[in-house]
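Participant: These protein sequence lines map, in sequence, to chains A and B. Each residue of the first sequence is one higher than the one before, starting from 25 at the first, in the working numbering. Each residue of the second sequence is one higher than the one before, starting from 28 at the first, in the working numbering.
Every clue listed holds true.
In the BS3-like style, the derived pairs of lysine-lysine whose C-alpha atoms are separated by at most 30 Å in a straight line are:
id	chain 1	residue 1	chain 2	residue 2
1	A	149	A	135
2	B	312	A	94
3	A	135	A	150
4	A	114	A	94
5	A	314	A	269
6	A	114	B	37
7	A	196	A	135
8	B	37	A	150
9	A	150	A	196
10	A	94	A	150
11	A	135	B	37
12	A	207	A	150
13	A	114	A	149
14	A	149	A	207
15	A	135	A	207
16	B	37	A	94
17	B	37	A	149
18	A	114	A	135
To give an idea of the interface, some chain B residues facing chain A are shown, with a C-beta separation under 7 Å as derived from the structure:
id	residue
19	34
20	129
21	315
Simulated from the structure, these hints should not be mistaken for lab results. Glycine included, each C-beta is placed from N, C-alpha and C at the ideal position.
These are the residues of each chain, in order.
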Amino acid sequence: MLYINDLIKNYGSFTAVNHLSLHIPEGDLFGFVGPNGAGKTTTIRIVCGLLRASGGTVRIGNTAAAVGSKEMKRLIGYVPDFFGVYDNLKVREYMDLYGSMYGMYSRDIAKLTDDLLELVNLSDKKEVYVDTLSRGMKQRLCVARALLHNPSLLILDEPSSGLDPRARVEMKELLKNLHSMGKTIVISSHILSELSEMCNSIGIMNQGRLLTAGRIEDVMKQIAGGNRMRIQIASGMETAQRILKEQAGVKIESVRENEILILSNCTDQAVNAFIGLMIQNQVILTGFYKEEGSLETLFMQLTGGGAQ
Amino acid sequence: MRMRWNPIVKKDLQVTARSMRLSWGVFAYETVLTMAFLLALAVIQQESRSIYTTGNIYGYLIYLFPVLSIAQVCIVALIVPVITASSISGEKERQTFDIMLTTCMSPFSIVLGKVASAVLRILFFVMAGMPIMALAFVAGGLSWSYLFYFILTIILLSLLSGSIGILCSALCRRSITAVVLSYVFYFFIYILTFLPVILRALLTDGERMGESMLILLINPFIFFEEFFMQLMTGESLFGASGSNFTRGEVGFITYNLSQGKVWLFLSAACILTLSILFMLAAAWKVNPMHSSSGKKRKK
Ligand SMILES: Nc1ncnc2c1ncn2[C@@H]1O[C@H](COP(=O)(O)OP(=O)(O)OP(=O)(O)O)[C@@H](O)[C@H]1O
Ligand SMILES: [Mg+2]
Numbered sequence: 025m026l027y028i029n030d031l032i033k034n035y036g037s038f039t040a041v042n043h044l045s046l047h048i049p050e051g052d053l054f055g056f057v058g059p060n061g062a063g064k065t066t067t068i069r070i071v072c073g074l075l076r077a078s079g080g081t082v083r084i085g086n087t088a089a090a091v092g093s094k095e096m097k098r099l100i101g102y103v104p105d106f107f108g109v110y111d112n113l114k115v116r117e118y119m120d121l122y123g124s125m126y127g128m129y130s131r132d133i134a135k136l137t138d139d140l141l142e143l144v145n146l147s148d149k150k151e152v153y154v155d156t157l158s159r160g161m162k163q164r165l166c167v168a169r170a171l172l173h174n175p176s177l178l179i180l181d182e183p184s185s186g187l188d189p190r191a192r193v194e195m196k197e198l199l200k201n202l203h204s205m206g207k208t209i210v211i212s213s214h215i216l217s218e219l220s221e222m223c224n225s226i227g228i229m230n231q232g233r234l235l236t237a238g239r240i241e242d243v244m245k246q247i248a249g250g251n252r253m254r255i256q257i258a259s260g261m262e263t264a265q266r267i268l269k270e271q272a273g274v275k276i277e278s279v280r281e282n283e284i285l286i287l288s289n290c291t292d293q294a295v296n297a298f299i300g301l302m303i304q305n306q307v308i309l310t311g312f313y314k315e316e317g318s319l320e321t322l323f324m325q326l327t328g329g330g331a332q
Numbered sequence: 028m029r030m031r032w033n034p035i036v037k038k039d040l041q042v043t044a045r046s047m048r049l050s051w052g053v054f055a056y057e058t059v060l061t062m063a064f065l066l067a068l069a070v071i072q073q074e075s076r077s078i079y080t081t082g083n084i085y086g087y088l089i090y091l092f093p094v095l096s097i098a099q100v101c102i103v104a105l106i107v108p109v110i111t112a113s114s115i116s117g118e119k120e121r122q123t124f125d126i127m128l129t130t131c132m133s134p135f136s137i138v139l140g141k142v143a144s145a146v147l148r149i150l151f152f153v154m155a156g157m158p159i160m161a162l163a164f165v166a167g168g169l170s171w172s173y174l175f176y177f178i179l180t181i182i183l184l185s186l187l188s189g190s191i192g193i194l195c196s197a198l199c200r201r202s203i204t205a206v207v208l209s210y211v212f213y214f215f216i217y218i219l220t221f222l223p224v225i226l227r228a229l230l231t232d233g234e235r236m237g238e239s240m241l242i243l244l245i246n247p248f249i250f251f252e253e254f255f256m257q258l259m260t261g262e263s264l265f266g267a268s269g270s271n272f273t274r275g276e277v278g279f280i281t282y283n284l285s286q287g288k289v290w291l292f293l294s295a296a297c298i299l300t301l302s303i304l305f306m307l308a309a310a311w312k313v314n315p316m317h318s319s320s321g322k323k324r325k326k
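Using the sequences provided together with the hints, build the complete structure.
Facilitator: Encoded structure:
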């Protein structure tokens, strides 16, 4: 659906997006993750035709339309990270305004508006002035607006920033709902737990580079090799630490009173071996856990590595 | 194919109609116009008494027309840039502009919509002032067609002022700077265009003006002076100041332009072209695909 090829964006000597290549298949709910300043917004704005790239290409579907052309804009629905609304304009008129900007007729817009407001749960606000809506409602209204021209790709930049937990859940439900209707959706966020619950593929970005991207299961597998383990020890702390330090492929992350946290990319046999060694050396183990690879740890690993 | 409004015009008119600005605007506009009317009337009465005529002032009421027109021209020239200068920068400040740019509106139709809505808003004011204007016609005995010409020139002027404002709005990030910048543009168009003529006159004792006057074709001052000259006396401004220029005094082109109504129409065409150029420049500036590095966004 969305093909980004070797995208570059320079601001003077600063490179905000660095040779980014990405393919998002049709029907995906793609999570675009990265810390502040990673270049997510920059990438999104280039795709939407709001910013000129310094290099590279962006293509949607099978059209050969250039970024920023009308055909391209017709394919994209965009919800920016920060946006405002007009004073003295009602929700219905707001939808009508943007619909007519896509060249639609008022009668068609009115019909669609009813359905879309129903979808984003704002049906009762049709005659309310937009500037009096709450932040969460505005956000949902903006999603409805972005869907008005039936785009094949919906792009949301940090849709849950500034929303309370309840509004976040509502937003998440809405996006899941749209996903199940077959829309291709791209969401940028730095709230990983949220993305891991709803996205079926993610891309992780840091300092302008795409570190990894793919199906969420595949990305998770990448950290299987770099698992975090928690070893609880009743006595023999020093011995245990000495043994762990001798192991190749084991990194001690933190040591607490009776717990050692390690990152290992050893095989199961090797893990077995050093645990056996500890027991032989009179270390009393009370617990040993392999932590589920969460997106957070992956994120810390990848972005931490990038910053070094 | 149905005729359709530019969505921006529709929205702008809808929104301003709801805000208090329109009401206050009409109120202020009419107040200034009424003041000008009363003042002119007082002067006319004074005049008609002092020169010991029959005391019939109706003949003098014809002068209400230029006075009221010039008052309106001044107000329009002053307020239109304020409306358009805040239009695009205002959208940027309110963070609605990005969304607008991602729709199918082309940058030029955005610019055109903004200028058109400013011109229409000004026409509301002008139309509201028509009854006062009409007095000059009824009592002064001017032809009704003059009123029509007057509206055309007001549209032309607001188009120019509006396009200057929109260009500044596209150039600046803040509305205030855009308004200030439009008055800087005004300075260039209204004042600095006199510079070649003045320099030429000083250097040659007014003997050889050459083609230095041609730049005045874009000067709205001269345009309106010529317009009122033509309406009131049927003569050209250039012809009336003594005899027509002799061929030696001015260049060949200027000489021919000062005949009949040629200057007036050519000047109108120049002002219109200039407006369109300003709007095209604004559209070019607004198009994200043209600005090289992109403006720094504030968060
Ligand atoms: N107009 C600009 N001029 C110069 N640098 C810019 C400009 N816009 C963005 N940048 C830089 O580009 C980098 C990427 O910014 P971007 O907004 O894309 O990050 P982001 O991933 O969206 O971050 P966040 O999570 O904070 O939204 C940042 O370092 C930022 O300082
Ligand atoms: Mg961002």
